[in-house]
Amino acid sequence: MNKRLMIISIEFKLLLRNYMNMFFALFFPVMMLLLFGEMYGNEPSEFFNGRGGMDVMVPSYICMIVAVTGIMSLPLTVAQYRERKILKRFKATPIKQSDILLAQIISNLLLTLVGIGLLLTIGKIRFNLHFYGNPILAIIVLLFIILSVFAIGLLVSGVASNGKSATAISYIIYFPMLFLSGATMPIEMFPASLKKISNVLPLTHAVKLFKGIWFGESLFDFTKEIVILLIVIIVCMTLAIKMFKWE
Amino acid sequence: MNVIEISNLSKSYKKLKAVNNISLSIKQGEIFGMLGPNGAGKTTTIECVTGLKDYDSGSVHIHGIDVKKELQKVYEIIGLQLQETIYQDKIKVSEICQLFHNAYKNPIPYIDLIQRFGLEFKLNSYVQKLSGGQRQKLSIILALIGNPKLVFLDELTTGLDPEARRDMWAIIKGLRDEGRTVFMTTHYMEEAEYLCDRICLINNGELIACDNVQSIISQSGIESEITFISKNNDLKQSIVESGISSNVIYNALNNTYTIYSAEDKCIARTALLLESMGIDYSKLSIKRSTLDDAFIKLTGGNCKNE
Ligand SMILES: Nc1ncnc2c1ncn2[C@@H]1O[C@H](COP(=O)(O)OP(=O)(O)O)[C@@H](O)[C@H]1O
Ligand SMILES: [Mg+2]
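Protein sequence lines correspond, in order, to chains A and B.
Taking this note's numbering, the leading residue of the first sequence gets 1, the next gets one more, and so forth.
Taking this note's numbering, the leading residue of the second sequence gets 1, the next gets one more, and so forth.
Here chain A stands alone, though its shape is the one from the complex (with noise of 0.2 Å):
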């Protein structure tokens, strides 16, 4: 086999048997989506503008699994791997340290596009979910904010001396994010305060802006959430490329 490819199955593979990456990237959107679409249902409803609920929640759920794999799962791994010197034992290796943490960024991204799979599918067969925008488009949107995630995950994997301040840097992330952003809440029932440190969370722009595109609304009115998230990728990028400790 491929060199890449057999890390890559095999850091998937351990990636699965992690209980706490499966449960939040996996049942627990499923979780959300079905609690809440048994309270709201997925009928057109005023309080969604005349949208049906869960057709409104799905793409923020998605979002969250998004933060799920790239803000917590990939920078706790990797902060641990280095920690237990699991890093440094393959720089001793023709295996590259940089193979070990792509594989553990393409299988997040798998784990991603797992979570993803079977909250769509759930979704579609318990209460019909409807997407009104162009596949394409929303894939390659998708994809785009999956790059902004996980570009704060690796700085975060990058500079997080241990797997503790990992945890701790993730959660004061991760957490905001989760219940400020709209990716578990729609921000329209946020109080003006609220809203306001909604506003700096750079995941409610990435849920502002698929969501937009599940619902068929033109990329060009979304130019400001583009341009932030593009500089959380620029910003994000370059201090992880430079900070990045191997040891």
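It cannot be assumed that every hint is accurate.
[As the list claims (entries may be wrong)] Below 27 Å or equal to it, Euclidean Cα-Cα: the simulated BS3-like pairs (lysine-lysine) are:
#: 1; chain 1: B; residue 1: Lys27; chain 2: B; residue 2: Lys14
#: 2; chain 1: A; residue 1: Lys3; chain 2: B; residue 2: Lys68
#: 3; chain 1: A; residue 1: Lys85; chain 2: B; residue 2: Lys265
#: 4; chain 1: A; residue 1: Lys88; chain 2: B; residue 2: Lys297
#: 5; chain 1: B; residue 1: Lys297; chain 2: A; residue 2: Lys242
#: 6; chain 1: A; residue 1: Lys3; chain 2: B; residue 2: Lys149
#: 7; chain 1: A; residue 1: Lys96; chain 2: B; residue 2: Lys149
#: 8; chain 1: B; residue 1: Lys129; chain 2: A; residue 2: Lys13
#: 9; chain 1: B; residue 1: Lys90; chain 2: B; residue 2: Lys129
#: 10; chain 1: A; residue 1: Lys245; chain 2: B; residue 2: Lys265
#: 11; chain 1: A; residue 1: Lys13; chain 2: B; residue 2: Lys105
#: 12; chain 1: A; residue 1: Lys245; chain 2: B; residue 2: Lys73
#: 13; chain 1: A; residue 1: Lys164; chain 2: A; residue 2: Lys224
#: 14; chain 1: B; residue 1: Lys265; chain 2: B; residue 2: Lys297
#: 15; chain 1: B; residue 1: Lys105; chain 2: B; residue 2: Lys27
#: 16; chain 1: A; residue 1: Lys242; chain 2: B; residue 2: Lys73
#: 17; chain 1: A; residue 1: Lys245; chain 2: A; residue 2: Lys3
#: 18; chain 1: A; residue 1: Lys96; chain 2: B; residue 2: Lys73
#: 19; chain 1: A; residue 1: Lys224; chain 2: A; residue 2: Lys96
#: 20; chain 1: B; residue 1: Lys149; chain 2: A; residue 2: Lys88
#: 21; chain 1: B; residue 1: Lys68; chain 2: B; residue 2: Lys129
#: 22; chain 1: A; residue 1: Lys85; chain 2: B; residue 2: Lys105
#: 23; chain 1: B; residue 1: Lys53; chain 2: A; residue 2: Lys96
#: 24; chain 1: A; residue 1: Lys88; chain 2: B; residue 2: Lys17
#: 25; chain 1: B; residue 1: Lys90; chain 2: A; residue 2: Lys85
#: 26; chain 1: B; residue 1: Lys53; chain 2: A; residue 2: Lys164
#: 27; chain 1: A; residue 1: Lys85; chain 2: B; residue 2: Lys297
#: 28; chain 1: B; residue 1: Lys69; chain 2: A; residue 2: Lys96
#: 29; chain 1: B; residue 1: Lys68; chain 2: A; residue 2: Lys245
#: 30; chain 1: A; residue 1: Lys3; chain 2: B; residue 2: Lys69
#: 31; chain 1: B; residue 1: Lys14; chain 2: A; residue 2: Lys245
#: 32; chain 1: B; residue 1: Lys15; chain 2: A; residue 2: Lys245
#: 33; chain 1: B; residue 1: Lys105; chain 2: A; residue 2: Lys96
No lab work stands behind these hints, which were simulated from the structure alone.
Just so we're clear, the structure is a prediction, and the values are computed from it rather than from any experiment.
Dock chain B with the ligands against chain A, hints included.
Relative to the frame of chain A, chain B with the ligands by itself:
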């Protein structure tokens, strides 16, 4: 032929000189041991030599390759066991072996190594669940998968029970018998004495001696201790005059003579002397100095011996 050439290697952590101007050559096909107490600088030396740590000054060549310049080439030909290696959570023995096996150009089939070290029944186990001895066997397997000419072992036997340690000793000798060169560190004197063709002593980052075990002991000038029992309390003079040693003590309470001598044949000469004089004696014995004694003498320090 020298497989490793280390010259004037130094490495500091802030103010602490962990490795201080060390020069060493390791020969093809030998088991070379670096011996020193905890904190002496063994791990730092191994990590500098294998390019895992950047050293401050000096140079290291492995098979003629400059470690600072062509590290990747070095990693193709060496195998390494690090003092503390933890593997990925929930990785299985077979998986970590595949991972390493895949990395090398001409690997030894890992299943052969697994069989050789008797870990077949653990292939499907999580690495975390292995016993200490099994985990060390695994780390040797991983060090050998690339079929390296040169193997680095950092405190391979520390923390193992006596039986597992003896297993490891046999394995290390086996590596040499296959024609590999072994660079190992240990803080067990008797391990170094038993295994190593040559050793170096290191303390506080400095090289104290480097030679084969016997030469180091004689270099240290520690005397052997010969004792025998005789009711004849008048032998001191004869022993000194015979030139065996001038340092003779007679303990009248238990009729015991003690002779201190650095000379190799001192016990034979004592026996000959006693026989030729027709003396009635018993329990003639010698306590030769060990590497441990030599180490203490050379460093003025101490080294754990178990
Ligand atoms: N990463 C590090 N940072 C600071 N000091 C270190 C580091 N690693 C080792 N040391 C110190 O350097 C000295 C040598 O350590 P080490 O090479 O691990 O010794 P040994 O392997 O012989 O036990 C010790 O005093 C140790 O505390
Ligand atoms: Mg050590």
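Enumerated hints in conflict with the structure, sorted upward: 1, 3, 4, 5, 10, 13, 19, 21, 27
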